[in-house]
Amino acid sequence: MSAQEKKESLIKIENMSLEYGESINSTLALKNIDLEINKGEFICVLGPSGCGKSSLLKCIAGYVKPTSGRVLMHGEEVDGPDWHRGVVFQSPTLYPWMTVNENVEFGPKMRNLPKAEIKDIREYFLDEVNLSGIGGNYTFELSGGMKQRVAIARVLANYPQVVLMDEPFGALDALTRENMQNLIRNIWEENNTTIFFITHDVDEALLLANRVVVMSSQPGEIIKIFNVDFTNQIFEKGSKEVIYNEDYFEVKNEIMDIIHNQID
Amino acid sequence: MSAQEKKESLIKIENMSLEYGESINSTLALKNIDLEINKGEFICVLGPSGCGKSSLLKCIAGYVKPTSGRVLMHGEEVDGPDWHRGVVFQSPTLYPWMTVNENVEFGPKMRNLPKAEIKDIREYFLDEVNLSGIGGNYTFELSGGMKQRVAIARVLANYPQVVLMDEPFGALDALTRENMQNLIRNIWEENNTTIFFITHDVDEALLLANRVVVMSSQPGEIIKIFNVDFTNQIFEKGSKEVIYNEDYFEVKNEIMDIIHNQID
Amino acid sequence: SGDQAQNTNSTAESTTDKKSLPAEINFGILRVPNDETIAIAKGYFKKYFGDKGIKVNTIVFDSGAEANQALASGSIDFATMGNTNAITALARELNVELIWIHEVLGENEALAVKNGSGFKTIKDLAGERVAVPFASTAHYILLNVLKEAGIEEEVQLLDMQTAEIVAAWERGDIKAAYTWQPTLAQLLKSGSTLTDSKEMADKGYITANVEVVRKDFAEEYPQLVADFISAMSEAGDIYRNNPERAAEIAGSKLGIEAGVALNQMRGTTWKTRKELLSEDFFGTVDEPGNFAQVMKDTSDFLQAQNSIEESPSREAFNEYVNPEYIKMSLKNDQNN
Amino acid sequence: MALNNNEEDNKVANSAVQTTNQNISRKTPKNKKNKTEKTLTFLTWGFIFFLWYVITKLNIFTPTLLPGPARVWRAFLDILANGYNDVPLWVHLGASFKRLFVALFFAIFTAVPLGLLSGYFDKVEAVIDSVVEFYRPLPPLAYYTLLVLWFGIDDTSKQVLLFLAAFAPIYIACVSAVRKLNQDFVLSAKSLGANQKNVFFKIVLPASLPEIFTGVRTAFGVAYTTLVSAEMVAATSGIGWMVLDASNFLKSEVIFVGIIIMGITGVIIDAVLRFIERRLIFWKGHI
Amino acid sequence: MALNNNEEDNKVANSAVQTTNQNISRKTPKNKKNKTEKTLTFLTWGFIFFLWYVITKLNIFTPTLLPGPARVWRAFLDILANGYNDVPLWVHLGASFKRLFVALFFAIFTAVPLGLLSGYFDKVEAVIDSVVEFYRPLPPLAYYTLLVLWFGIDDTSKQVLLFLAAFAPIYIACVSAVRKLNQDFVLSAKSLGANQKNVFFKIVLPASLPEIFTGVRTAFGVAYTTLVSAEMVAATSGIGWMVLDASNFLKSEVIFVGIIIMGITGVIIDAVLRFIERRLIFWKGHI
Ligand SMILES: Nc1ncnc2c1ncn2[C@@H]1O[C@H](COP(=O)(O)OP(=O)(O)OP(=O)(O)O)[C@@H](O)[C@H]1O
Ligand SMILES: Nc1ncnc2c1ncn2[C@@H]1O[C@H](COP(=O)(O)OP(=O)(O)OP(=O)(O)O)[C@@H](O)[C@H]1O
Ligand SMILES: [Mg+2]
Ligand SMILES: [Mg+2]
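Protein chains in written order, with our numbering: chain A, 1117 to 1380; chain B, 1117 to 1380; chain C, -14 to 321; chain D, 732 to 1018; chain E, 732 to 1018.
It is worth saying that the hints were derived from the structure and are not from the lab.
Hints are supplied without guarantee of correctness; some may be wrong.
[As the list claims (entries may be wrong)] Calculated cross-link-like contacts (lysine-lysine; reagent style DSS-like; alpha-carbon spacing at most 25 Å):
#, chain 1, residue 1, chain 2, residue 2
1, E, Lys911, A, Lys1181
2, E, Lys911, D, Lys911
3, E, Lys766, B, Lys1181
4, E, Lys769, A, Lys1235
5, D, Lys769, E, Lys911
6, E, Lys854, A, Lys1235
7, A, Lys1181, D, Lys854
8, E, Lys854, D, Lys766
9, A, Lys1181, E, Lys766
10, D, Lys854, E, Lys769
11, B, Lys1340, B, Lys1368
12, E, Lys854, E, Lys911
13, B, Lys1231, D, Lys933
14, A, Lys1368, A, Lys1235
15, A, Lys1368, B, Lys1368
16, C, Lys316, C, Lys200
17, D, Lys928, B, Lys1225
18, E, Lys766, D, Lys911
19, D, Lys766, E, Lys928
20, A, Lys1231, E, Lys928
21, D, Lys854, B, Lys1235
22, C, Lys99, C, Lys183
23, E, Lys933, A, Lys1231
24, D, Lys769, E, Lys854
25, C, Lys31, C, Lys312
26, C, Lys27, C, Lys238
27, C, Lys259, C, Lys32
[Unchecked claim] Beyond 12 Å from chain E on every Cβ pair, some chain D residues (computed):
#, residue
28, Arg805
29, Lys829
30, Lys928
31, Pro937
Think of the CB as a built atom: it goes at the ideal place given N, C-alpha and C, for glycine as much as any other residue.
I would like the entire structure built from these sequences, with the hints used as guidance.
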């Protein structure tokens, strides 16, 4: 819950708004968003359904151009997708005509890295997501959790400066989900990655993030940002149950109240 | 957590096994299941993915014939689907060519009830799920949560002796899910319904059931049955947070451990 | 005729009544300036059939092959076709008989070669492509032309309809074709003939457009068949007496110029009933005329070509080429 | 929380639909063509006409090979005024469409029940399917002669030919519709007390309608494509026959007129069918 | 928990696939026909042959209207031994298939790029689509005469006719494939550093392959249906021409032979295409 000042700024969103469609049929999805993402942060975004979480991510990824305001990365305006900003989608977009290996190698290959390096990277990250050994399989042979792990490995293989994740575990069942949370927490810690993570599960956000951004319902605005460190506590204490304490429920209830007020 | 003895037995599963497919390709989905469902109970079934929860429900519903053993209802063997056993599916199977009203009226109409009665029933249950007023809409105009509520109203409109639900809230987001849990708890209480409820979310099971059945991974066997009364506590105390106590985490941890052991 | 006695069986009675005359007659016709076209244009069908309360339907066929299909399905009672198609009809056991020869084909069907093609004799066609509508009289004659020249193995025949022949000719895809009027005239604008059906007829390869009728029909209504022949004969007389007038009538019916029609008609030979009853054509029942032999020869040739499975016997052709109705028609006129 | 549902009720047809459509919405603009694209389409046809005009003006080809626009236009006006072969144009069109729609009518009324039964009962399918699969790829002209021999030269054989062309697509669509049917629809209906008959008429039939309708549209297209073949034998009316007759006399301008009329009517009828579809099967895409 | 993944790894291709297939699995038995159904299909054809045999034995119809099985069999043996019109049967088949496959080849190599581009760029679609939509429903025989006028009587015009028949289904399949393309595939590829060209060749093309292949199969079917029309003009070989020539001479038994040969080859070729499809697009259904 501290020491944010030292951190190096990576992405800066300045007074950004996003409107879909034109004139009568237009939807104001995002309004006056100001947000700074620092290097090494794990930011979770929470908000009611349809509030514009995905839209925010798309703006950062460069998939959508903001209607006003700008998204800066290292001070330069984001202009289209880029391998420095990796994206993990809710349903994994693995390419079924490629093997797991080929999927993970896709990014490095696109960047024309030397073959040997590509192989090393692939092996390292498949290992990182505990999937070494299934590289020859096709992706449709994998379970949902395994698919999402391959998708994460594929994104990490590019050593992106930030990983954007849009409800990556939303489609997984509760148990697999827990495993995946642990996995991503470990990866974040080990590789010192910067992660921007969308979820609609308050617990997930609190157990992963060191900053939780809560958004209002449409048009999406940032209502409040919470600095939390339960994820560090879990690291330190090695277990999850210990953090279900007063502190935790206090923050959780506050967030829940905010969101409920949004819906009412 | 008590007084189960007084209850009237509704459904009895005797030494039931279920095998899919034939010879080499066969899958033993369920093995030696013995279970009694009493009138007015709220049973939740938990288990790892693919353990046979849905298969168990299908046997009770009469969609699938057990390979051995039997399912009895009031002492008579279940033989095909029947309106006494209502089913709510994970993704709501509302008929898109019918309005909400027509969907809810489907069961009573099939049973040739008088028109006036059908109307009363429909109005009562649409009100029960807080959807009176949208009866004229088509189902594809509804949100996921509303759809599932219509599906519940449709099943209830038949006054079934038991409602079988297969992960009915699995596809909903966390907030809608919470609303739905409250809704079903209230309906259960008000109408004195018997509910057989499948979920993969331990919290959901604990917050709703008065008996939690935990199954082993494939082939599905019943490992342990927990009698709990958190759902009654919520009724009594009017709030959910209060039950996050020692008791709760104890049961939860035990269940989690069982399931984790199943996967390992 | 026992009307009262048969009171109870009134339906049977009415059918016998109807049987004395059919409700309608279906004629399969070709769009060529022949006696039939003139007869229709002059209203002879109305005179001989329509006035008796019979509905007359004329159905245009593009080829005798189509007419044969219609005959086989029982859709039509009379059909005009080339004699080669009439042979197919007999060989395929269609229950029909040949009752009339509209015209003996002559210069109106010819082997045309394109100017500048360098084809001076038939033998020059060796190794070339010649277009012809298959299953037609022209097909039969062309095969014989090539056979006579001894190059039947060396020429590639192309199965084309007349319109396609013109198109291919103009495009230069083909330089030789055996076809009939009016297509022939279009080809000859930039070509000449090497031989024609008249020359071949002189060599014994006679082709003709003939009329066949369903036997069931003819046996039931012989008088109507005779009437048909009378109509043809009357129409033929117009041509024989005043070709220009006949061409005008036929031309306006077909939507072509009288001159074109006349040119086409002049390329053929129209025979009178008496001529047809001579030994050269129908002969008599006891002494069949030569046309049955022509048909038999043609049939044998078609069998050799595998166009028909089995060539019917001479006796079958004698029976097939039936002079009785022409005789009846003549007798009717004498009676009048 | 259960209290604030009224708020949500008012949003009926709002968020849920939008979110599920998100992936599709990217493409919706393609359906409603925007102005640039409309202009481009217009320009394309303009260019085609211009090219046609110039080529014929240059007299590279004879009018038989390529009649000019003016010539075609005159032929069209002539046919409009005087008909073709003394038969008015609307009679030609009427004759063709009567054949088409009679065939389509019978195809629908036989293929839909047979197809649904085939999809429903494997035994029925075992009987019908291989027969349909055998004749379906056959060129209609291959068996048309047989149809003429069996059904005569009147409209019957033409209608049977078009019927056969239309039958297979509808049949196949029905089988596939039942196959793709969400079994949970059937199961839930049974659990709500529906008997076999109700399941069929209230669930299977409506759930299959979208695909059946697509099948009907395909069937119409196939039958339309077969129209000229059907009018090859012993016809003296019908737009297809008109083109064939014009071909026989190499009246290219009439061929062009026929083609243009057929092209436009084909597009119009498909648009009408699509309009009916949207009205009738409003829930399509929500199944 | 992250430790026990190896266990899960061994189950690769197990639970996940099975659970997603649950709804489908109910129907898989229908694909693999069981014994009863095979017997039924067999009996159906047996019954058809029996009926055919009995009817012809009863002499209700002349052999021209309905040739008996023996007669057809003899005709088949004769054609097998001596060919038709002095041309061996395999030459007829070869001529037809050469026309078909040349047409299909060119159709694939033009329709696939044009279709993908049309799906990709609305402007390209605006140019091409309306033209395709216009000619697609046209009966091929309507414009065949024009093709003969323009391309001559040789194989070219026949191939162009078949090409046009095959082009539209492939083109339409390609457009729809790109339209249905999961945009997240494209976006994720871009975010992984793929440039426009890589996106096209590594993502759009393979992702569209399943539908393209379905389009090719449809195209083959449509072209096959057009085969007899194509061989109407100036052919003296080809299985379609054989049937037409037999029609001229009322050789019903040869028509039957032709139909049976075409039916069987049609079924065989579709089976081959489906086999190739399964091999080539192994991931089909997993997209
Ligand atoms: N391509 C689009 N065109 C038009 N409107 C859109 C588009 N994408 C999203 N919207 C609208 O913008 C708003 C925000 O959508 P967005 O997907 O960003 O919300 P979200 O918070 O991600 O929702 P969820 O939790 O359901 O994923 C919604 O009202 C949505 O309907
Ligand atoms: N129709 C079927 N045919 C063959 N195998 C089946 C069928 N349905 C289920 N199975 C298999 O039976 C086992 C139990 O499946 P079931 O759907 O009952 O599990 P589940 O507990 O409901 O799983 P989930 O939590 O994923 O819904 C699984 O291994 C599954 O693959
Ligand atoms: Mg989202
Ligand atoms: Mg399940």
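Q.
For each hint given before, does the structure comply? Return the numbers of the non-compliant ones in rising order.
A. 4, 6, 7, 9, 14, 19 and 21
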